[in-house]
Amino acid sequence: MFAFRPDYMLKVLPVMGYGMLGIFLVTGFLIGIVKLLNRFSEIE
Amino acid sequence: MDGSYANLLTMNWGQVVMWMIGGVLIYLAIAKNMEPTLLLPMGFGSILVNLPNSSAAAVIRHLFEIGIAEYELFPLLLFIGIGAMIDFQPLLTNPKLMIFGAAAQFGIFFTLGLASLFGFTLKDAASIAIIGAADGPTSIYVATVLKSSYLSAIMVAAYSYMALVPIIQPPVIKACTTKAERRIRMPYTGKPFPRVTKILFPITVTIIVGIVTPDAVALIGFLMFGNVIRECGVLDSLSQTAQNVLANLITILLGISIASQMTADQFLRPRTLLIMGLGLIAFVVDTISGILIAKLMNLFSREKINPMIGAAGISAFPMSARVVHKMGLAEDHQNFLLMHSVGVNVSGQIASVIAGGLILELTRGMIGG
Chain W
1 MFAFRPDYML KVLPVMGYGM LGIFLVTGFL IGIVKLLNRF SEIE
Chain F
45 MDGSYANLLT MNWGQVVMWM IGGVLIYLAI AKNMEPTLLL PMGFGSILVN LPNSSAAAVI
105 RHLFEIGIAE YELFPLLLFI GIGAMIDFQP LLTNPKLMIF GAAAQFGIFF TLGLASLFGF
165 TLKDAASIAI IGAADGPTSI YVATVLKSSY LSAIMVAAYS YMALVPIIQP PVIKACTTKA
225 ERRIRMPYTG KPFPRVTKIL FPITVTIIVG IVTPDAVALI GFLMFGNVIR ECGVLDSLSQ
285 TAQNVLANLI TILLGISIAS QMTADQFLRP RTLLIMGLGL IAFVVDTISG ILIAKLMNLF
345 SREKINPMIG AAGISAFPMS ARVVHKMGLA EDHQNFLLMH SVGVNVSGQI ASVIAGGLIL
405 ELTRGMIGG
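Protein sequences, first through last, are from chains W and F.
Residues in the first sequence are numbered from 1 upward in steps of one, following my numbering.
Residues in the second sequence are numbered from 45 upward in steps of one, following my numbering.
Bound conformation, chain F alone:
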């Protein structure tokens, strides 16, 4: 009894605030269905590690060390599952969609400048900027490799905003497009591709990206490995395992491991709020730049592009594609943009990985890491 009382006395207000934050994350996961696979483990984990003299803290910390800090294992393994979920067919049908995926990464570099302006060091600014990749594993990978001291805040921002894509993007898209633009129809002429093309694509992308940005090899390689498993046609059970069991298992471990960084002293800092704000700006700028490049292309193209599909380049897969598709249908019941927006969305996935690799390469070149 004395031990319990003494334990109670070691508690501080910061830990209680972290329980509440954990509670909010659990609430958002369950009641609002916002990225529940990740926010729920993170929420529960943040309560676990903030209990006074918590014996769980050491275990979770160890899990973080071996699964994330040491070799960035969890985010990379998760990429195998994501790769197995992605169908590149819409992209292969219309490869120029990749331009939108590339353009929608501008938010990353814009936020890099903004974070630097607010006094973050280069490695922290780069880690914060990568929230704009709208891609959890890439954010974790880059922030871990750069040894950012704001990993937990970056994770919470990245996954929260990914979950909030259906709320963040529509007003931005509406503000940047006219009603006539949103009603532009885009016929889809999908044709079946031979299996060899679908297998050669991920292998070729891995080789090219690997040569140009060696720092992105692990990310793109695991993503495309998962995709080859999916497309090869002889590993259906492995593909299903990667998409479901592997992805779910790693997500549980990833969420609870990240919680090791959600201790009161690391999380309750004024700069956490600033990071959340910068993350939001990154998402908004990504969306705007994707739309603007589509508008620019419309000036020179005979076949008009619905500028809304540019917004799907932010990589938050597949939420962003769904948002654009729904907005298209809301304007015109016969306007089916799903395949185009999925194509842009998967190209955003590739572009965000390339952006992560470039950020790592360029920043490490500057700080000599």
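Excised from the complex, chain W in its bound form:
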């Protein structure tokens, strides 16, 4: 049940890093889009 595999964990470190980075990048982009949409709605 508890087979400790630090080698497995080392392998997934890039997934953890790229995953969080990816989420923040997409989120940042979406925030920009929403601000743009808000600007357009103010112009209207």
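Take these hints with a grain of salt, some might be off.
[Unchecked claim] Keeping only pairs whose Cα atoms sit at most 20 angstroms apart, straight-line, the calculated SDA-like set for lysine to any residue is:
1) Lys218/F / Ile337/F
2) Lys11/W / Leu336/F
3) Lys235/F / Leu36/W
4) Lys35/W / Ile247/F
5) Lys370/F / Pro231/F
6) Lys11/W / Phe162/F
7) Lys191/F / Gly163/F
8) Lys218/F / Leu336/F
9) Lys140/F / Leu25/W
10) Lys11/W / Gly409/F
11) Lys140/F / Pro6/W
12) Lys35/W / Thr233/F
13) Lys11/W / Gly157/F
14) Lys370/F / Leu382/F
15) Lys11/W / Pro236/F
16) Lys140/F / Asp309/F
17) Lys140/F / Asn38/W
18) Lys35/W / Pro236/F
19) Lys348/F / Asn138/F
[Stated by the list, open to error] Stretch-level coverage of chain F by chain W, calculated; a stretch enters the list once three of its residues show a Cβ under 8 angstroms from a Cβ in chain W:
20) 151 to 162
21) 253 to 263
What the hints contain is simulated information worked out from the structure, not anything from laboratory work.
Beta carbons: idealized from backbone N, C-alpha and C, even for Gly.
Fit chain F to the given chain W structure using the hints.
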């Protein structure tokens, strides 16, 4: 009579234990009102499939094959209903709330590392980690696409912890915040948005997320399709159908289909307990990371943010937003955090789908699936 006796002899202790687990799920659904729409079908289904030589097992198994295993149809259809239920207005009012939704997905990636450390293969570790998305359909989708052998345990953990959000989150939030922080008031300046903005938002999100994470297109696309039906203003009856009839119908089928995986040989494994523990850790880390990012932003922001709203980023919609709102009111009767926490909560819904897509893309890239 001889047939019945012979049938009785084929029974094993594992099946009896599964009846009891089914009974516990039914009890929690009815007596404790914990996610009854899903836990009750799952509980009853687990009794059905664990009867000796059950003729229902084949039917439920077939339902699982066509509704979940083949094209992940049920979770995706359920997303249409969820999309039709979501109002993105609080998010559009204050888009920076999306940062909390993103931060609160850290529990997924933390649990991915932890599950790997405990010896789970990459596809199983990724499927377990996605329990931290606090989003049933995303968990089912990812675990099915990755063909995890722990689907039933993952489902039980995901839906149980979603139901337990009002019990899990408050002590974690209290441990991570001071009384003064919990009393921070946040005025809400909600303004009505033109319909065109509300329609363009889901379409734009679908295109952007679709381009960046193609594996999340099905999830985000069905979610946002449901939202466009809601916001377009000309499909009110379809919106009501998606929110009620469609969501209820699919939930019944989803619950009973998942029960096909709750056979004694698949469920009664020592690792099921480990998965339940890892799922809990994912929820706790999600909550902590949402709060910490809010505290970090307070260091640089003039307008202070109540760090509790960061905890609503875990996507368990709308329980998490309600928990934060109630905790705010408990500290200060004039502290209304509901709209902010709902905004964070729906952004968590979007972020959890993106996280699911990224997990799929990155893990499939590594295992070559």
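For each hint, the structure was consulted:
1. Lys218/F / Ile337/F: Holds. Lysine 218/F to isoleucine 337/F sits at ~16 angstroms (cutoff 20 angstroms).
2. Lys11/W / Leu336/F: violated, 27 angstroms
3. Lys235/F / Leu36/W: At roughly 16 angstroms apart (the allowed maximum being 20 angstroms), leucine 36/W and lysine 235/F satisfy the hint.
4. Lys35/W / Ile247/F: With a Cα-Cα distance of about 15 angstroms, the restraint between lysine 35/W and isoleucine 247/F holds, given a limit of 20 angstroms.
5. Lys370/F / Pro231/F: holds, 16 angstroms
6. Lys11/W / Phe162/F: holds, 13 angstroms
7. Lys191/F / Gly163/F: holds, 17 angstroms
8. Lys218/F / Leu336/F: Between lysine 218/F and leucine 336/F the Cα gap is close to 13 angstroms, so the pair holds against 20 angstroms.
9. Lys140/F / Leu25/W: Given pair lysine 140/F, leucine 25/W holds - Cα atoms ~13 angstroms apart, limit 20 angstroms.
10. Lys11/W / Gly409/F: holds, 13 angstroms
11. Lys140/F / Pro6/W: Violated: lysine 140/F and proline 6/W sit about 37 angstroms apart, past 20 angstroms.
12. Lys35/W / Thr233/F: holds, 16 angstroms
13. Lys11/W / Gly157/F: With a Cα-Cα distance of about 9 angstroms, the restraint between lysine 11/W and glycine 157/F holds, given a limit of 20 angstroms.
14. Lys370/F / Leu382/F: Roughly 8 angstroms separates the two Cα atoms, so the pair holds.
15. Lys11/W / Pro236/F: Since the Cα atoms of lysine 11/W and proline 236/F sit roughly 48 angstroms apart, the hinted pair is violated (cutoff 20 angstroms).
16. Lys140/F / Asp309/F: violated, 47 angstroms
17. Lys140/F / Asn38/W: It holds: about 13 angstroms lies between the C-alpha atoms, which stays within 20 angstroms.
18. Lys35/W / Pro236/F: Measuring from Cα to Cα gives roughly 15 angstroms; hence the hint holds.
19. Lys348/F / Asn138/F: holds, 14 angstroms
20. 151 to 162: holds (count 9)
21. 253 to 263: Three-residue rule met by the stretch 253 to 263 of chain F, so holds; n is 3.
When the structure is compared with the earlier hints, violations turn up for hints 2, 11, 15, 16 and for no others.
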